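Enquirer: Start from the sequences and build out the full structure, keeping to the hints where you can.
Going down the list, the sequences are from chains A and B.
Going by the working numbering, the letters in the first sequence line up with residues 1 to 301, in that order.
Going by the working numbering, the letters in the second sequence line up with residues 1 to 177, in that order.
No wet-lab data here; the hints were simulated from the structure.
Because the structure is a prediction, the values reported are computed rather than measured.
Just so you know, not all the hints are guaranteed correct.
As the list claims (entries may be wrong) - So, partial list: chain B residues that the calculated Cβ filter (under 7 angstroms) puts toward chain A: (1) Pro18; (2) Pro55; (3) Thr60.
To be verified - A short list of chain B residues far from chain A (calculated; beta carbon distances all over 10 angstroms): (4) Met5; (5) Thr41; (6) Thr108; (7) Thr136; (8) Ala153.
Glycine included, C-beta positions come from ideal geometry on N, C-alpha and C.
This is what each chain is made of:
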Amino acid sequence: MQIPAPFDYVRASSVDNALALLDRYGAESRVVAGGHSLLPMMKLRLARPEWLIDINDLFELDYMLVDGQVLRIGAMTRHTALLESDDVQRLFPIITDAERVIADPIVRNRGTIGGSLCQADPAEDLSTVCHVLEAVAVVRGPAGERMLSMTEFHRGPYETAVGQNELLIEVRIPIRTRSGSAYEKVERRVGDWAVAAAGASVSLAADGTISHAAVGLTAVGLDRNVSEVDPVLLGQVPAEQLFVEAGRLAGLACDPLADQRGPVDYKRHLADELTRRVLRVACSRAATSAAHTTTDTTQEG
Amino acid sequence: MQISMTINGTDVTREIEPRVLLVHFIRDDLRLTGTHWGCDTTNCGTCVVLMDGQPVKSCTVLAAMADGHAITTVEGLADGATLDPVQQGFMEEHGLQCGFCTPGMMLTARALLDHNPHPEPLEIREAISGQICRCTGYATIVRSIQWAAEHPAGSAKTNPEADAEATPEATEEEVTA
Chain A
1 MQIPAPFDYV RASSVDNALA LLDRYGAESR VVAGGHSLLP MMKLRLARPE WLIDINDLFE
61 LDYMLVDGQV LRIGAMTRHT ALLESDDVQR LFPIITDAER VIADPIVRNR GTIGGSLCQA
121 DPAEDLSTVC HVLEAVAVVR GPAGERMLSM TEFHRGPYET AVGQNELLIE VRIPIRTRSG
181 SAYEKVERRV GDWAVAAAGA SVSLAADGTI SHAAVGLTAV GLDRNVSEVD PVLLGQVPAE
241 QLFVEAGRLA GLACDPLADQ RGPVDYKRHL ADELTRRVLR VACSRAATSA AHTTTDTTQE
301 G
Chain B
1 MQISMTINGT DVTREIEPRV LLVHFIRDDL RLTGTHWGCD TTNCGTCVVL MDGQPVKSCT
61 VLAAMADGHA ITTVEGLADG ATLDPVQQGF MEEHGLQCGF CTPGMMLTAR ALLDHNPHPE
121 PLEIREAISG QICRCTGYAT IVRSIQWAAE HPAGSAKTNP EADAEATPEA TEEEVTA
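Expert: In structure tokens form, the structure reads like this:
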């Protein structure tokens with residue numbers, strides 16, 4: 001029977017209250033959101049907090065709203081809500097793609113975007129997605145709010161820049177016009193961690209060339225972004241040859257470990273193949289988005 | 001610590017240790033053993049219960065986290081002598097053999113049909129994809145849920161175990177009161 005070691009439990013009533021509790025209980029306290037990473041770790045004694053601060057009553061952090069050219073997602077937004085959001089599907093199909101393959105539908109009812117990002121598991125999908133979309137993490141503490149890029153936010157496996165007395169409260173994703181994005185994962189079975197996964201976001205200029213691109217990989221030993229690929233894509237017209245070259249570079253750039261999910265060469269192959277696939281879909285979605293943008297402009301004109 | 005919640009429509013209040021998982025609270029404290037305890041690792045889904053109408057894996061939810069919420073277990077599916085259409089569907093379409101995964105499967109099916117009364121077979125498969133059945137190969141489970149979708153009012157059959165308790169075992173104080 002897997003039962004966590006003893007701890008004291010307290011339920012926070014607001015963000016300010018959660019911060020006060022973190023301040024009061026200090027280094028031996030941990031925040032629990034959906035609990036689907038932390039509770040398994042507590043069962044295995046990989047985590048052993050003395051105080052558990054439950055933030056599931058913080059409905060003030062459960063929202064998605066389009067605010068000008070930014071999509072703001074509250075940290076307590078559940079995976080299921082992200083998966084079912086029309087705004088998310090329209091603006092960032094990469095999130096919908098990823099959410100469809102994150103854990104299983106029942107786990108997605110509990111898990112949150114904030115919890116996923118703070119867990120910072122190297123095989124976690126939304127972290128790659130947020131890197132690719134150049135999201136900003138809003139972290140609140142006693143001294144006020146800090147805005148962190150994903151590179152600043154993620155310090156390494158299971159490690160983030162969120163301080164002991166701070167709380168991730170929001171994720172902000174910049175909305176780009178004429179853009180498309182996609183995510184694809186290979187997993188052994190539903191609910192397993194990725195053998196490998198890739199995400200891409202692409203924006204097109206008026207002449208149809210790629211004006212902005214980002215590719216990220218999950219679970220293959222990189223800090224999410226494959227920076228080697230972006231310069232090759234910029235200024236080019238989307239074409240199969242380009243995707244093949246990007247895939248080749250991604251396969252070379254990654255640094256996977258052999259484990260029960262597969263040997264190194266298989267994972268490199270996946271990095272290559274999945275990079276091609278997500279670029280293909282992202283470019284096609286960007287072209288559709290660009291067509292809509294042009295139509296809208298014509299109608300407005 | 002003291003927690004209160006609604007289980008199958010009945011209010012319960014108990015003193016618990018904060019580390020008690022919801023599945024053990026339901027089985028050991030409330031003596032509602034229809035909820036099964038399986039892998040303990042959020043994989044198999046036999047411990048699924050509904051929390052405010054949404055399926056959750058009760059081995060990965062603390063009983064303390066369910067404080068103030070409404071929980072439905074498999075014992076709460078039937079309405080007295082009338083089986084839930086999902087339960088009837090599992091009988092009609094042979095949705096179980098050993099029955100170990102069945103409580104979780106049926107609760108997920110109930111939540112799916114409440115949310116989407118006419119699911120496609122693929123949507124049913126997706127809904128139960130976080131649960132494991134080692135007997136039926138899933139085909140009969142999918143057919144059982146389809147049967148329930150096609151018979152939202154169920155059939156006239158009655159619950160052969162209508163006498164079984166759907167309510168948690170009362171504590172001594174509750175009985176006295």
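Enquirer: Tell me the numbers of any earlier hints that the structure contravenes, in ascending order.
Expert: Hint check: 5 and 6 fail, others pass.
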